[in-house]
Amino acid sequence: MKTYDHNKIEKKWQEVWDKTKLYGAKDGDKRKKFYSLVMYPYPSGALHLGHWYNFAGADFYTRFKRMQGFNVLSPIGFDSFGLPAENAAIKNNIHPKEWTYKNIKNMISQLKSMGPAYDWDRMVITSDPEYYRWTQWMFLYMYKRGLAYKKKQVANWCPSCNNVLANEQVLGGKCWRCDSDVIQKEIDQWLLKITDYKDKLLTGLDDIDWPERTKEMQRNWIGRSEGAEIKFEIRNSKFEINVFTTRPDTLFGATFMVLAPEHPLVLEVLSSKKYKIQNRKEIKEYVKTAKKKTELQRMEEIKEKTGVFSGLYATNPVNNKKIPIWISDYVLMSYGHGAIMAVPAHDERDWDFAKKYNLPIIEVLKGGNVEKEAYTGDGVHINSEYLDGLSKEDAIKRVIEVLSKEKKAKKTINYRLRDWLISRQRYWGAPIPIIHCPKCGEVPVPESDLPVNLPDDVQFRPTGESPLKYHDDFRKTTCPKCGGSAERETDTMDTFLCSSWYFFRYLDPNNEQEFCSKNLMKYWMPVDIYIGGPEHAVMHLLYSRFFAQALYEGGFSNVKEPFYKLRHQGMILGEDNQKMSKSRGNVVDPDEEVKKVGADAVRMFMGFMGPFDQGGPWNPKGVVGIRRFLDRVWFLASGDLSDSKPTTLEEKIMNKTIKKVGEDIEELKFNTAISALMVFVNEVSALDNISQKTVEYLLIMLAPFAPHITEELWQKLGHKEGIHLESWPKYDPKMIEDDEVIVVVQVNGRVRTNIKMNKNSTQEQVLGVALKDKNVKKFVSGQEPKKIVYIQNKILNIVI
RNA sequence: GGGCGAGUGGCGGAAUUGGUAUACGCGGCGGACUUAAAAUCCGCUGGUGGUAAUACACCUUGAGGGUUCAAGUCCCUCCUCGCCCACCA
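For the first sequence, position 700 matches number 700 in the working numbering, and the numbering has no gaps at all.
Keep in mind that the hints were calculated from the coordinates and are not lab data.
For every residue, glycine included, the Cβ atom is placed at its ideal position computed from N, Cα and C.
Keep in mind that the hints are not guaranteed to be accurate.
Lysine-lysine pairs mimicking DSS-like chemistry, simulated, CA-CA at most 25 Å apart [stated by the list, open to error]: (1) Lys579 to Lys621; (2) Lys321 to Lys293; (3) Lys274 to Lys284; (4) Lys759 to Lys734; (5) Lys12 to Lys32; (6) Lys366 to Lys356; (7) Lys656 to Lys734; (8) Lys291 to Lys185; (9) Lys411 to Lys238; (10) Lys32 to Lys759; (11) Lys152 to Lys288; (12) Lys174 to Lys151; (13) Lys621 to Lys19; (14) Lys185 to Lys595.
Using C-beta positions, here's what the derived DEER-type ranges look like [stated by the list, open to error]: (15) Thr3 to Gly749: 36 to 42 Å; (16) Lys716 to Pro129: 43 to 49 Å; (17) Tyr149 to Lys621: 53 to 59 Å; (18) Lys292 to Pro129: 39 to 45 Å.
Model the full assembly from the supplied sequences, consistent with the hints where possible.
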């Protein structure tokens with residue numbers, strides 16, 4: 001039988017590797033270090049094919065680096081706090097802790113079945129008190145540096161999760177976790193001042209090796225835009241409105257202003273009798289409905305703008321003209337100052353609004369037809385007094401210059417990035433280490449009192465309210481400052497805080513004195529390659545950079561950028577080319593695939609199916625092809641092999657393959673690396689007397705992809721030491737070069753034949769041979785060539 | 001609406017970065033082995049024309065145009081799909 005028993009050999013070697021701690025990383029080793037990181041999973045219950053794809057790709061690379069002689073650190077852990085555990089608790093009457101740790105146990109055994117080269121001694125589980133103690137320490141660190149603060153403000157609220165969400169966690173107006181419509185709710189909450197680092201987070205991107213699209217996403221998220229702040233006085237009042245605009249050059253075309261419904265001035269107007277406003281009731285009504293709208297509803301109304309006149313007028317600072325102030329929810333309180341100057345001729349949104357409410361449209365820039373649509377391009381200014389004749393750039397400079405003399409404008413930069421909202425009104429998370437004292441106010445828990453333990457004996461409420469609020473033993477405490485009775489903060493931290501520093505903890509997982517020793521940090525950081533999905537581009541990957549920056553400034557991190565190199569894996573789709581989902585019925589269970597063909601074949605097929613960063617549909621038939629290949633390798637290595645040295649032909653094939661496979665793995669092009677190994681096997685199998693040495697090289701190159709079968713065969717070939725301790729082979733460039741090359745002969749750019757020539761033949765030599773070819777002769781048909789193009793060792797083109 | 005990316009056989013995909021398009025694998029067809037099937041092994045496999053069979057020719061990388069001796073690759077116009085962001089002033 002030309003096959004092998006994958007169940008037997010895979011399990012056997014997994015146990016051996018485990019016992020001998022084969023993949024342990026050595027702290028401070030003299031070899032060059034290599035820190036290879038994957039995004040640790042959430043313990044949802046079982047590994048899915050996407051996890052496998054991510055981890056398999058990373059494992060190929062990790063093993064390759066190990067064979068290249070690096071001291072490789074490849075750790076794994078679990079992001080184990082979070083809502084699903086709590087929801088499962090409420091639904092199935094099981095404690096989140098029990099649910100979580102049961103899942104972790106199961107997933108560890110699944111992970112081991114892949115045969116990955118992890119250092120299991122460094123496992124990090126974020127819901128362990130030994131871990132979240134340091135998450136709390138991180139919070140206190142931020143607090144002490146003035147980077148954590150509490151504030152009552154309108155926030156994204158998921159009514160289904162009963163929880164607030166950070167801006168990064170709202171996707172298209174919906175909750176990133178449960179897809180419910182997000183509403184706005186005013187609530188007391190903790191925030192981290194990520195905005196203090198906006199410029200550092202922006203410029204830091206220039207020095208790291210990340211996919212350009214991910215950098216671009218972060219740049220867009222931070223949303224730096226240059227413009228001007230302009231002051232508008234409100235007539236018959238002491239108030240003025242500041243607006244931010246990127247187009248101060250169009251000021252002469254500003255025919256009205258618009259305030260967000262939440263703008264403080266709107267509240268002032270509504271509450272004060274000072275203002276003579278006829279439609280107070282209407283405004284009240286509008287503000288009320290705007291508040292009730294979900295993010296999604298607001299988005300759906302992009303096309304149909306609504307609004308109401310405030311009854312107030314402002315003065316346009318450039319020409320002192322009286323312009324009306326409107327209220328509309330197309331202006332967002334969260335950006336700029338929650339107020340805009342509306343230039344309908346040159347802004348699409350303002351144009352729509354003006355058309356709907358019959359407001360004047362004044363063209364101040366030539367280039368379009370503003371009666372038909374807003375013109376947002378560049379051009380020559382008109383109707384703009386001292387700006388007339390100027391281009392956009394010049395006009396912007398000039399108008400700021402003029403207005404700043406009267407202190408009515410200044411150049412500013414505005415950002416889209418908001419502070420990170422981190423308090424969660426739920427149980428299964430790290431408690432925020434703050435005590436509220438009636439006398440002393442907000443008091444941080446002393447570091448020596450950490451961790452603030454999450455109590456186990458809690459009662460879950462069907463309303464989803466945090467049980468901590470009703471847990472007296474937890475809540476009631478004494479003030480560390482005055483000793484009087486006080487209450488603990490009952491909010492817990494966003495789990496993204498746990499994951500913002502976990503890569504440090506892997507370096508020193510058992511340290512009880514500090515979250516990570518400086519020496520180990522110095523040795524291991526930064527992460528040399530981080531492989532994970534692109535969906536974290538503006539969440540985890542931004543938060544972690546913020547943490548590293550903030551820690552760096554206090555001397556607690558040796559790097560400003562934690563992840564030197566980042567790569568994304570693609571998404572695995574179902575056979576029907578659709579996202580895998582239970583409702584579509586196209587979900588593939590990795591465990592079952594492993595049972596059928598073995599982990600080596602599943603891993604390797606993941607490498608083979610296409611470009612790693614592209615993913616693609618899972619073809620169950622395709623995995624069979626890989627298994628066939630492994631069977632052929634098994635057959636080849638178990639057959640009669642000669643003791644003699646490899647022949648020159650074998651050497652040639654070998655060296656060529658070593659080069660190709662090594663270069664491809666380095667670039668994460670696993671698909672072509674594997675295809676080169678297949679070519680190798682095809683070519684070698686055709687030979688008669690195969691040298692054992694040749695097969696051994698094959699096994700070594702195959703080892704990162706299929707660690708079990710190669711280890712087994714290696715042993716069968718008589719080796720005492722395991723194959724995974726072997727070095728990646730070096731190739732001899734001389735062996736790759738051929739004395740003879742195939743030169744393609746074209747006539748008028750069309751291939752007519754190809755001829756075998758000695759390497760580095762001259763044009764004359766090649767031409768001489770080419771012209772004798774009957775097919776070439778036919779097309780040249782005795783004519784004198786107009787031109788001859790010759791690229792040595794490649795191509796000869798005869799132009800007639 | 002904005003940003004990024006991609007379109008190559010029946011399918012997943014290769015292509016030394018401008019130099020033989022379709023490597024490798026799946027699937028299909030034919031053959032060997034077998035009482036038979038599976039497995040395995042060996043051939044063939046982009047399309048059209050042509051031939052008894054070879055030769056061979058022409059067409060073909062989403063569509064159209066251009067640059068070049070030479071274009072899947074570079075430039076312009078358009079179409080389609082995917083992902084991310086989005087009333088961001």
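Looking back at the hints listed earlier, which ones does the structure fail to meet?
Result: hints 2, 5, 10, 13, 14 and 15 break, sorted rising.
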